[in-house]
Amino acid sequence: MAYGNLNVDTVTTSTAGGVLGAGNASIMKNRIINGAMVIAQRGTGSTSVQTSTTYVSCDRWAVEASQNSKFTVQQSSTAPTGFNNSILLTSSAATSLAAGDYFAMYQGIEGYNIADFGWGTASAKTVTLSFWVQSSLTGTFGGSLTNNAGTRSYPFTYTISSANTWTQASITIAGETTGTWNITNGAGIYLYISIGMGSTYSGTAGAWANANYDSATGATSVVGTSGATFYITGVQLEVGSSATGFEYVNYQTSLANCQRYYQQVLSDGTNYAFQLDQTGASGALPSITLPLQTSMRTVPSATIVGTITYLNCTFSAISPKVNGALFQTSSTGSARNLAYAGGTGNGYTFSAEL
Amino acid sequence: MYKLINNNIDGKLSCILRIADNTWIPMNPDNTDYQAFKTAVLDQQPNTLIDNGDSFSMSSDESILKDADGNSMTIDEAKAYVKTLP
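Chains A and B supply the protein sequences, listed in that same order. Residues 6 to 359 in our numbering are what the first sequence spells out, letter by letter. Residues 2 to 87 in our numbering are what the second sequence spells out, letter by letter.
If you are wondering where the hints come from, they were derived from the structure by calculation, not from laboratory data. Take the hints with a grain of salt, since some may be wrong.
As the list claims (entries may be wrong) - In silico lysine-lysine, BS3-like type, Cα no more than 25 Å apart, as pairs:
#, chain 1, residue 1, chain 2, residue 2
1, B, Lys84, A, Lys326
2, B, Lys13, B, Lys80
3, B, Lys4, A, Lys326
4, B, Lys39, A, Lys326
5, B, Lys39, B, Lys84
6, B, Lys39, A, Lys130
7, A, Lys130, A, Lys34
8, B, Lys13, B, Lys84
9, B, Lys39, B, Lys4
10, B, Lys39, B, Lys13
11, B, Lys4, B, Lys84
12, B, Lys80, B, Lys4
Predicted model only: the values in this text are computed from it and were never measured.
Could you build all of it, start to finish, from the sequences and the hints given here?
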């Protein structure tokens with residue numbers, strides 16, 4: 006019995022000879038999350054970076070500093086054609102670098118997302134890092150790729166020839182055949198973009214080293230000039246020996262990708278972030294589970310943000326769980342027990358950052 | 002500054018409270034906040050206080066663990082205790 010004819014089209018990539026997953030495909034090639042700096046759940050304003058500061062600006066991008074208050078970080082709407090956002094790092098002082106100083110932004114890439122690189126094996130693949138950058142300074146700037154343990158690193162340089170002009174940098178890196186590279190839910194690779202690195206953490210550009218180098222020797226120090234600016238966006242790390250066009254990711258996918266590492270549920274002035282409403286005798290523990298928005302990298306740390314209002318109960322504890330966190334109160338009477346995050350900006354966050 | 006938190010089911014240590022930002026940290030080796038807690042104790046970082054009324058506390062200036070009666074543990078004993086955690 007015949008049911009008719011079926012026409013079948015073949016699927017090809019945008020580049021002749023390209024192979025899906027090998028670097029020339031148009032989708033799922035970028036191992037950097039939020040490379041366009043669009044998602045900023047924690048806030049968009051300027052933050053002065055302290056030695057304890059890590060994640061404060063665009064999602065998945067952390068900062069590090071060996072001294073307090075030497076630069077600020079914020080999401081910016083200054084961007085090259087095709088982008089709408091960037092990260093802006095601004096030097097707050099003219100800081101001379103000691104050997105052990107470090108000032109940088111970085112992203113930890115989960116091992117699952119670089120497992121196909123084959124690094125640490127004879128089949129290690131070549132990768133290419135590309136990004137758009139603009140600075141008030143000119144010169145040779147630096148960064149690096151390192152493994153999770155900081156025992157293998159690849160310092161690189163790139164050049165900004167014209168001040169305050171967007172420039173695209175591209176660095177091709179031969180696959181690393183030695184070292185240990187995490188391929189599960191820990192950090193597989195750290196990408197560092199340096200704005201000032203002491204000699205202890207700087208190495209020869211363009212070669213793998215058995216050391217924890219976060220930048221290249223001789224790179225320009227942005228923090229060395231008070232008021233100097235440094236913008237970056239369009240960060241892409243892909244398999245292959247050449248940079249291809251930046252992979253566009255729709256907003257909801259990019260947000261969900263970020264929420265694997267950090268998510269927040271905050272009241273918006275009209276709607277509560279959560280509400281517990283139970284009746285319990287004095288001494289009972291009325292509780293609710295604060296749920297995950299998406300699955301996370303590992304069991305997250307939970308933080309209560311702002312003010313929670315309690316009626317006939319008091320706060321008891323938060324217990325992080327695989328599926329979120331248990332919010333517990335302690336009843337002070339047999340009447341209705343209420344606890345809720347109303348107002349604006351009150352609620353909870355979950356963090357499972359690398 | 003941290004506080005050890007026992008659960009109210011079996012009374013066993015269940016998570017770590019980082020007091021500075023009211024963050025409740027699971028005892029999960031993959032959680033980087035938990036890794037930082039253990040590092041703080043093992044490296045005797047300043048202001049690493051562990052305070053729990055029915056367990057142990059760490060002096061912020063001496064960086065050693067104490068039991069509920071105030072009996073001090075040596076630094077090695079404190080480190081050994083943290084090493085028993087997952």
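Results of checking the hints against the structure:
no., hint, result
1, B/Lys84 to A/Lys326, "22 Å, holds"
2, B/Lys13 to B/Lys80, "19 Å, holds"
3, B/Lys4 to A/Lys326, "18 Å, holds"
4, B/Lys39 to A/Lys326, "20 Å, holds"
5, B/Lys39 to B/Lys84, "8 Å, holds"
6, B/Lys39 to A/Lys130, "35 Å, violated"
7, A/Lys130 to A/Lys34, "13 Å, holds"
8, B/Lys13 to B/Lys84, "17 Å, holds"
9, B/Lys39 to B/Lys4, "12 Å, holds"
10, B/Lys39 to B/Lys13, "18 Å, holds"
11, B/Lys4 to B/Lys84, "17 Å, holds"
12, B/Lys80 to B/Lys4, "16 Å, holds"
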